[in-house]
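Asker: Which chain is which? The protein sequence lines are B and Y, in order. The opening residue of the first sequence carries number 405 in the numbering used here; numbering runs sequentially from there. The opening residue of the second sequence carries number 29 in the numbering used here; numbering runs sequentially from there.
The set of hints was computed from the structure by calculation and includes no laboratory data. Note that the Cβ used here is the ideal one computed from N, Cα and C, for glycine as well. One thing to keep in mind: the hints can contain errors.
Claimed, not checked - Computed list of chain B residues with no C-beta within reach of chain Y, every gap over 12 Å:
1. Gly418
2. Thr425
3. Ala443
4. Ala464
5. Asp502
6. Asp651
7. Ala694
8. Thr729
Unchecked claim - Some chain B residues flagged as far from chain Y (calculated, every beta-carbon gap over 10 Å):
9. Ala413
10. Arg417
11. Ala432
12. Gly442
13. Arg449
14. Arg470
15. Trp669
16. Arg683
17. Ala696
18. Ala713
19. Arg745
20. Leu752
21. Ala760
As the list claims (entries may be wrong) - A few chain B residues that face chain Y, going by a derived Cβ cut-off under 10 Å, partial list only:
22. Ala505
23. Pro706
24. Asp707
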Amino acid sequence: MTLYTLPIAALGRGLRRREFTAEELARATLARIEAADGAIHAFIRVEAEAAIAEARRADAELRDGRDRGPLHGIPYGTKDVFDVAGLPTTCHSRLRLDHRAAADSAVTARLRAAGAVLVGKLATFEFALGANGPEAPFPPARNPWRLDHVPGGSSSGSAAAVAAGFVRFATGTCTSGSIRGPAAWCGVVGLKPSFGRVSRRGVFPLSWTMDHCGPLSASVEDAAIALQVMAGHDPGDPGSADLPVPDFRACLERGARGLRIGVPWHLFEHDPALTPGTRDAINRTVTLLADAGATIHRVTLPDLAQFLACSRVIMAAESFAVHRTGLARDLAGYGEAAAGRFVLGAGLHAADYLDAQRLRGILSAAVDAVLRDHDAVLTAISLGPAPSFASQGGSTAWPLQASPFNVTGHPGISVPVGLDQDGLPLAVQVVGRRFDEPGVLRLARAIERLTGRVETRS
Amino acid sequence: MTVRDAAAPGGEETLDEDAVRARFLADLAAAGISLPPGRAEAATDFLALHRQVRLVRAACAAQAPLPLGFAPAGT
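Generate coordinates for the entire structure from the input sequences, incorporating the hints supplied.
Answerer: Following this line, the structure appears as structure tokens:
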């Protein structure tokens, strides 16, 4: 049996029927990482002994009748910005190689309490922002679909690890597209929940009013299962919403019939970066949804330029506030790409930041208005497939349309919708009302069923 | 150098790029950060961010003349 191809729900059934043990699953996962990650570099640190120990504990608990739920005994990886007690949170930076986390992040603690088995920490961009240059302490993750292509970022290792079939889900963070972007380019599902749904306590911040945590996974159902554990109010995160957590799988299989879906074509249809393959994939998805009983409307959101400007000003100001002392103390310790971006915030003044927050309120209200009349918005996530490393020259100025919903805080998910003519994954983005992750997951699952799920690379 | 700012609404505003660069470097110095010679292009990169600031400012002026308060998204 090839354990790594099984969905989380099937793995859970197998564990409970004693068809295999959590230890066998962990060992199979570690063996696959050992065999294939030398070329992909998704993991920067593998915790083999600890994973085996956690898996044995999970097996013992199941034998004793203590069942911690759907993630009990399920292996996962975590982006190296999440604190794990006793391990370094390097943020892929030379500056933090000696760091040791004193406690688990809220997400780590929730996953640990749910019995999930941590197999290691995953590559990212330095401090989840700059590209990884030659001075980075770990090699950059590569796209499992084509090793000479970028996986996206900054949750690069998370997307690569899921796409490679190392784990069924991984944690990610998203400030301007760092979950949905790499998910799109690696052919996996990437869910940025509503702002406030998942605690950021114990996660190294980039821009705290736009930072979100969420799962990257091999399927929509896997995303729902992972989010179920990750979500919940945490007084330790000032942005955490004190709201009930619904059952994210409750309406997963209800299909698209009866849904009202808004498509803001103007955001992407005339963009010169839109590839024919991506355009065709979006059109095909819309047609399939309409044939399945959804109604599709053209909707208008504010200009993309306003979203992008708002995002960049807020992120520049907040990330500079995070790094100001570090930049003054040891600028040379930062990689060139990260330093070059962080210093820009020094030139912003208070009124610039406040204006961006004022504009943010307007943009958020505009998205809310569209979603009052529609169950969801369907739009592009990337305007093309993953570019090659050679074509990038270290740049991360990618044609992504994710950041508008980091500005507004609406939940968004990237769903694979097939491959382009060169065999690289394509995706669409679904955005829903605030805290309506069940609705977002329902439409994402409908798209997954209609377009055929993109399998992980094996 | 003063240039027409094509990114500005209407493209009519002018932008004194040298002044923007100089102000940025002064702000950096005030924060205790001095760019090594190899990273001087940050001042040029700041021009792009400054254009975003102008776009935000123009959008606010057009759409939100009064600062009525901001509620962070999702809370």
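Asker: Look at each hint and say if it fits the structure.
Answerer: Results for each hint:
Every CB of chain Y lies more than 12 Å from the CB of Gly418 (chain B), the least distance being 37 Å, so the non-interface label holds. Every CB of chain Y lies more than 12 Å from the CB of Thr425 (chain B), the least distance being 41 Å, so the non-interface label holds. No beta-carbon of chain Y is positioned within 12 Å of the beta-carbon of Ala443 (chain B); the least distance is around 32 Å. No beta-carbon of chain Y comes within 12 Å of the beta-carbon of Ala464 (chain B); the shortest separation is about 40 Å.
Distance check for Asp502 (chain B) against chain Y: the nearest CB is about 23 Å away, which clears 12 Å, and the non-interface claim stands. The beta carbon of Asp651 (chain B) is kept farther than 12 Å from every beta carbon of chain Y, the shortest such distance being approximately 20 Å. Every Cβ of chain Y is farther than 12 Å from the Cβ of Ala694 (chain B); the closest lies at roughly 31 Å, confirming the non-interface assignment. A beta-carbon of chain Y comes within 12 Å of the beta-carbon of Thr729 (chain B); the shortest separation is about 9 Å.
In this structure Ala413 (chain B) is separated from chain Y by more than 10 Å, as the shortest Cβ-Cβ distance comes to about 29 Å. Look at Arg417 (chain B): its CB is around 35 Å from the nearest CB on chain Y, clear of 10 Å, so calling it non-interface holds up. Interface exclusion of Ala432 (chain B) from chain Y stands, the closest Cβ pair being 39 Å apart, more than 10 Å. Annotated as non-interface, Gly442 (chain B) keeps its C-beta farther than 10 Å from every C-beta of chain Y; the closest such distance is 33 Å.
With 10 Å as the threshold on Cβ separation, the claim that Arg449 (chain B) sits away from chain Y holds: the shortest Cβ distance comes to roughly 30 Å. The Cβ of Arg470 (chain B) lies farther than 10 Å from every Cβ of chain Y, with a closest approach of about 35 Å, so its non-interface assignment holds. No beta-carbon of chain Y comes within 10 Å of the beta-carbon of Trp669 (chain B); the shortest separation is about 22 Å. The claim that Arg683 (chain B) lies off the interface holds: its Cβ sits roughly 27 Å from the closest Cβ of chain Y, which is beyond the 10 Å cut-off.
Against chain Y, the non-interface label of Ala696 (chain B) holds: every CB pair exceeds 10 Å, the least being about 30 Å. Ala713 (chain B), annotated as away from the interface, has a beta carbon of chain Y within 10 Å; the closest lies near 4 Å. Once the 10 Å rule is applied to beta carbons, Arg745 (chain B) is inconsistent with being away from chain Y; the minimum gap is 8 Å. Interface exclusion of Leu752 (chain B) from chain Y breaks down, the closest Cβ pair being 7 Å apart, not more than 10 Å.
A beta-carbon of chain Y is positioned within 10 Å of the beta-carbon of Ala760 (chain B); the least distance is around 5 Å. Hint on Ala505 (chain B) is violated. Least Cβ distance to chain Y is approximately 27 Å, over the 10 Å limit. Using the Cβ-Cβ criterion of 10 Å, the hint placing Pro706 (chain B) at the interface with chain Y is satisfied: the shortest such distance is roughly 8 Å. With a cut of 10 Å, the hint placing Asp707 (chain B) at the interface with chain Y holds, because the nearest CB-to-CB distance is about 9 Å.
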